[in-house]
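Following the hints, put chain B in place on chain A, whose structure we already have.
Note that the protein sequences, when read in sequence, are chains A and B.
Going left to right, the first sequence walks through residues 1 to 113 as our numbering numbers them.
Going left to right, the second sequence walks through residues 1 to 112 as our numbering numbers them.
No incorrect hints appear here.
Mimicking DSS-like on lysine-lysine, the simulated pairs with C-alpha atoms at most 30 Å apart in a straight line are:
hint, chain 1, residue 1, chain 2, residue 2
1, B, Lys57, A, Lys105
2, B, Lys57, B, Lys15
3, A, Lys73, A, Lys105
4, B, Lys22, A, Lys105
5, A, Lys105, A, Lys78
6, A, Lys55, B, Lys57
7, A, Lys105, B, Lys15
No lab work stands behind these hints: they were computed from the structure.
Predicted, not measured: the structure shown is a model, and the values here were computed from it.
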Amino acid sequence: AQTVTQSQPEMSVQEAETVTLSCTYDTSENNYYLFWYKQPPSRQMILVIRQEAYKQQNATENRFSVNFQKAAKSFSLKISDSQLGDTAMYFCAFEGGADGLTFGKGTHLIIQP
Amino acid sequence: AAGVIQSPRHLIKEKRETATLKCYPIPRHDTVYWYQQGPGQDPQFLISFYEKMQSDKGSIPDRFSAQQFSDYHSELNMSSLELGDSALYFCASTLRRRDTQYFGPGTRLTVL
Numbered sequence: 001a002q003t004v005t006q007s008q009p010e011m012s013v014q015e016a017e018t019v020t021l022s023c024t025y026d027t028s029e030n031n032y033y034l035f036w037y038k039q040p041p042s043r044q045m046i047l048v049i050r051q052e053a054y055k056q057q058n059a060t061e062n063r064f065s066v067n068f069q070k071a072a073k074s075f076s077l078k079i080s081d082s083q084l085g086d087t088a089m090y091f092c093a094f095e096g097g098a099d100g101l102t103f104g105k106g107t108h109l110i111i112q113p
Numbered sequence: 001a002a003g004v005i006q007s008p009r010h011l012i013k014e015k016r017e018t019a020t021l022k023c024y025p026i027p028r029h030d031t032v033y034w035y036q037q038g039p040g041q042d043p044q045f046l047i048s049f050y051e052k053m054q055s056d057k058g059s060i061p062d063r064f065s066a067q068q069f070s071d072y073h074s075e076l077n078m079s080s081l082e083l084g085d086s087a088l089y090f091c092a093s094t095l096r097r098r099d100t101q102y103f104g105p106g107t108r109l110t111v112l
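Excised from the complex, chain A in its bound form (with noise of 0.2 Å):
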């Protein structure tokens, strides 16, 4: 079975300011995706960026990009140029051999004014 452990329960930046928030996860899959998820308050589940394991290169969306490092089974996310509306509840995914998405615990991240 597979694990995902998001190590920051909570962060806090000003806005304008770039933030990184971590994802490890451990599977002995070769083939898989991962995820990062938003949930603001409305409690709605919003897709982030997505990653293929089997390509190298970092997925980019807009302020959103990830590092992903597969022999450490890394994932982190940035965000760059930080919202007010950014403020949420980010989850980490996995999903390899089973259909089910796997997450991590979540990060609270704060927006400050």
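For chain B alone, kept in the frame of chain A given last:
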């Protein structure tokens, strides 16, 4: 763009009652997943369906059952409800298995 639809959005039940949650996937999506998120917890995978057949099973209690219908919508049936079943229940759908999962807004179930 059309999103995943879940109904009802809120549901209040008494202990030992039954509940049925419905999920309507994004059009053309053939795979549906159910998750349970307790207060302050991460979502836990319950069960998935692909082309109307059960595809994978997670930590779904025996008191719960689910199915996917010919129009690809899915229903999660919950019986003998317990206080611990109070949670946010998400449905997600994908165009095909192992693709990106898009989540619905969730159904908030409160068991009194």
